[in-house]
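Trainee: So the protein lines, in turn, are chains A and B.
Using this note's numbering, the letters of the first sequence map in sequence onto residues 1 to 296.
Using this note's numbering, the letters of the second sequence map in sequence onto residues 1 to 327.
Bear in mind the hints are in silico, worked out from the structure with no lab data behind them.
Only a predicted model underlies this, so the values are computations on that prediction, with no experimental measurement involved.
Keep in mind that a hint or two might mislead.
[Claimed, not checked] In the DSBU-like style, the derived pairs of lysine-lysine whose C-alpha atoms are separated by at most 35 Å in a straight line are:
(1) K134(B) <-> K114(A)
(2) K88(A) <-> K134(B)
(3) K114(A) <-> K142(A)
(4) K324(B) <-> K279(B)
(5) K134(B) <-> K288(A)
(6) K88(A) <-> K235(B)
(7) K164(A) <-> K288(A)
(8) K288(A) <-> K114(A)
(9) K279(B) <-> K235(B)
(10) K142(A) <-> K134(B)
(11) K134(B) <-> K150(B)
(12) K150(B) <-> K88(A)
(13) K162(A) <-> K142(A)
(14) K167(A) <-> K142(A)
(15) K315(B) <-> K203(B)
(16) K324(B) <-> K134(B)
(17) K288(A) <-> K162(A)
(18) K279(B) <-> K114(A)
(19) K162(A) <-> K88(A)
(20) K235(B) <-> K114(A)
(21) K203(B) <-> K288(A)
(22) K167(A) <-> K88(A)
(23) K279(B) <-> K315(B)
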Amino acid sequence: MAFVEQLISNLLYGAILGSVYGLATMGLSLIFGVLRIVNVGHGAFIMVGAFIAYWMFILYGIPPLISLFLAIAVGMAIGLAIYMLVVKRLVDAPELASLLAMFAIGIFIEEFAKQIWGADYVGYSWEIGGVSMLFTEVPFTKLLAFASSIVIAAVVYVWFRKTKIGKAVRAVVEDREGATTCGIDVSRIYALSFSLGIGLTVLSGVLVTLFTPVGINVYMGGEYTLKAFVIAVLGGLASPWGAFYAGFIFGLIENGSYTLLGLIPGVEPFGLTRFLSSVVLMLVLLVKPTGLLGGE
Amino acid sequence: MRNYTPLVTLLLIYAVMIAIGQGIQGMWQPIMLVIFYIAVGQALNIFLGMTGYVNFGYVALLGVGAYGMAVALGYYTDLGLIPALTLGFILAILLAFIVSMVVGGIALRLRGAYFAIATIGVNEGIKYLILGGKIWGGSSGIVLSGILRKAYGAETMRFLSTVFADAGLIVVAILSGVITMYILNSRLGYGLIALREDEDAAKVMGINVRRYKQIAFVISCILAGLIGATAWTLKLTYVFPQDVFAINYTVEAIVIVMLGGAGTLLGPVVGGLIYALLKYYLTIAFPGMQLLILAPLLIIVILLFPEGVVGYLAKAARGTRFEKFVR
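Bound-form chain B, shown alone (with noise of 0.2 Å):
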């Protein structure tokens, strides 16, 4: 049966969202960080939530989503701004799309365990690659701040970085989101589901798994990999490959999916929430010790709470009139 009301849960937390950060002084600021924390999670989510298999190199996806935005509009600005725009948005996705298929198309054909330690590898490769091999820019990274301002102006600059990339990562996060609810109500979705509990028997009913996996693998990557693009490069205007490569929004997106609950559309949303405020509050309170709290916060979710808050909601929601909208 098919149901997409739980949307209208998303888009009312949404709205809810982006009016208390418009209407209130000092708002904006912790509500893009919650949106960003809710869509990293939502683009984790479509793969990790729906299949149970766990990728370690995530970031790498928003780290080259944000190398391909970077390149473009710091190394081919001659083509003027909105050409430039559309170049930085296509190599975002098609460098996603290239390392999903490789590192997929290679991992993919590994069960569980196997397929995480394969994973293990590929942020450090891909950092060490750029590092190594010296490619855009290698450690010096790619300052975009002097070439935007020389080549469109101040007020465009300030404009790109601010309202075009905030509304971006909204409309990347509301994408997620959508995308995580189709999937949820089709024959994919229904697959995945099923290869996550039994994937012998998946496949014994027809289901071809690998190819399965490898589409939710790519559309998770793709997102990450525009996540990166906006709330990165665009917004801060640089790219170094010590900042984009960092492990630790590896462990925020899965602490978000497993806080909120694997597997369901307002999962990332909750735990994003629950996860960017605390941070956020975290950071000023403790600052340097997110990461002490949260590791332990993670043990905790796993051990005692492993269906997550949403889970744990639906439970409680079915038979009542809620029902339809907790997924």
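The following block holds chain A by itself, in its conformation from the complex (with noise of 0.2 Å):
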């Protein structure tokens, strides 16, 4: 059976795939649990990562694992940046500042990333081998994806469990003011969030090189903007775990569905699977606006 064999492979590697975006979604659920800021301009962050694994890869030869570091600084300071500059004056205002303001960012970053790298695909290939596994051959690198967004979670997991400051942002979400009151510096908890927010989407960025040979654009960013959401909202718009989960079960979605809409005669399956993802967005938004994992 052709058919099983490739849907099989197909949700294999949507699994893989999946667990990159659970992490892209992470920093997304961060800023939103702890700011009640939407980041409608995530995508673009994303962009910055690839180009950063991209430029280290072409220039230096640095492979996207050793950029994933200077990814995830690179994407703190532009945060913390942004916080300073605009996010802070908006917390507090009414939800259609903010919302405009970090839709602005985004087009801003894509913007100026356009003057400097231009409007062209671009693309590199790491080949170190593969492993052949069940119907179908996984590249390594897909692999290595694979095991550091896990690593990644479970580190900030770790971080936001047993550090102190990790238990102060925990204390930020439940409460703001019982937080304050507490002697918890709160502007500081959001400098703090915000920035690890945008740094994890900007270092997912990279890992998402592995999967996009070619996809390296300034314009690549909406559709995992939209990826993101569909995933943020599976998970309950305001849990970094639950997001992480809900980027697996999306992974499976999408791909599954690829395979099952290429048996359609006369479409395009992956235009579809795109319509699908909107669909999806909607859909969960009104039967179960609080996530289908229901927060944490």
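Need the complex rebuilt from these two chains, each delivered in its own frame; the hints are there to steer you.
Mentor: Below you can see the structure in the form of structure tokens.
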């Protein structure tokens, strides 16, 4: 059964890709959970990470796994700058203001990147062989991306659970005023969470490049913004862990439906999976706005 | 107290613009660009400005409107010119109505940020439905110029894509303004402003917030569909999914509304004027960099002038004899 083999290998691939999707959404959920700000420009930060991976590899031959460290550092610096310049003033403003500001920031980053890097599609290939699993050959690069996503998510988890500052962040999520009363400097927690959220997003952009051999482009983010919102909503929007698990679910749905839609003659399955993402987004919001996993 | 006098200011502005466009050589094109952006802002303002909800899928409504007109003119040419055009307007309205009922019916059950998130997928969703499902020509779009020339002659086609399209757009733009004024003076408008300020309080006061939001959303979307049908399909005589679902129009519309002043009648007019002229001359001076300049502009407006130009002027005019003319 060629079809079943194809479906299974696509689902396997979906789970691997899903781990990266999950990681790419954690930053979005972290920022929403702590600051109640929706980062509508999410995809632009993934694009920044993708370009970091690309340039480090092309210019210095540095493999993407090493670029991860640079990416989180750059991302946190960008995040802190945006927080200080814009977001700080909008934490208590009406939603309209912060939504539009984040939207504008995303566009600004894309347009700025276009001035530096141009509008062409670029890519690189990091060949380190592969391993045969089930019916398909999985490249090591994708397995490494899978493993790093899980490790990074686990590190963030431990940091949240065990360190004092991680606990402070959770306290702010729980109750802003209560945390202030307990002597937590809420504005510092905001700055840290925003910068960490952006840092994680940029970092995930590095891993995304391992799945898109020639898909690095300044406007690549739009696709990931949409996916990240579907995933974040599936995971309950305010919970980074919910987002991480929901990433797997989304990876499976996406790749499974791609195989199934490919059976319909006369359509272009890739486009329809993207249509499907927005339908899933709507349906989840309709049926259970608090997320399928119901938050933490 | 009902006050329709700001409409005088509005119509005066249109009269001056049309006079400048017709009277001065080479000004018609920039004036039509201004009117396009005013219309786009005016239609979005009816929803975003009055309710405070952000519709990130706005351009999709212009897109389906454009497709409605293109489908009628391209596929039902045999009906004759007038019936096909009428069908085009009906289809544009109908498609915008259906999309807004479905999207609004689902997304308006949600509050604030959740609504905005729900609308993020709308534009991409419809675009990829057309591309992926190869509907209405898929990625090759609908090209009307050949069809129209063959069916009605070159003269009629030129008339359609110049005079008729421009006049249609001006009518839609003014209509959006009149509807805005009507809403501002009606029970609906008071209800919308109440729910924008505090949705729970409005609900407690007996306002059917779901229904009010839905009405504003549908009106805003249908007007957007008509703009797409006139300013894009009729004027350009082609429709491509990549063009009509381009997200930058959503950004531009939001910038115009915020710049001019959300929830005011004249806000989109002032915003559209500033924006379109800025864009027209920026495109000449710095090609391809409009969005790079606009995005920081939007951030600055949000941070420093959340009321917009007209919001500020209306405050300044309070107590003077101009009070009645600014809103």
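Trainee: None of the hints should be skipped; say for each whether it holds.
Mentor: The hints, checked one at a time:
1. K134(B) <-> K114(A): At roughly 30 Å apart (the allowed maximum being 35 Å), K114(A) and K134(B) satisfy the hint.
2. K88(A) <-> K134(B): Violated, at roughly 45 Å.
3. K114(A) <-> K142(A): holds (28 Å)
4. K324(B) <-> K279(B): holds (31 Å)
5. K134(B) <-> K288(A): holds (32 Å)
6. K88(A) <-> K235(B): Not OK: K88(A) and K235(B) at ~44 Å, beyond 35 Å, violated.
7. K164(A) <-> K288(A): holds (33 Å)
8. K288(A) <-> K114(A): violated (38 Å)
9. K279(B) <-> K235(B): holds (20 Å)
10. K142(A) <-> K134(B): This hinted pair holds, its Cα atoms lying about 32 Å apart.
11. K134(B) <-> K150(B): Within the cut-off at roughly 25 Å; holds.
12. K150(B) <-> K88(A): violated (60 Å)
13. K162(A) <-> K142(A): holds (30 Å)
14. K167(A) <-> K142(A): Within the cut-off at roughly 33 Å; holds.
15. K315(B) <-> K203(B): holds (28 Å)
16. K324(B) <-> K134(B): Judged against 35 Å, a Cα distance of about 52 Å means the pair is violated.
17. K288(A) <-> K162(A): Holds: K288(A) and K162(A) sit about 31 Å apart, inside 35 Å.
18. K279(B) <-> K114(A): holds (19 Å)
19. K162(A) <-> K88(A): holds (27 Å)
20. K235(B) <-> K114(A): holds (30 Å)
21. K203(B) <-> K288(A): Given that 35 Å is the threshold and the Cα spacing comes to 22 Å, the pair holds.
22. K167(A) <-> K88(A): holds (22 Å)
23. K279(B) <-> K315(B): holds (28 Å)
Comparing the model with each numbered hint stated earlier shows that hints 2, 6, 8, 12 and 16 do not hold.
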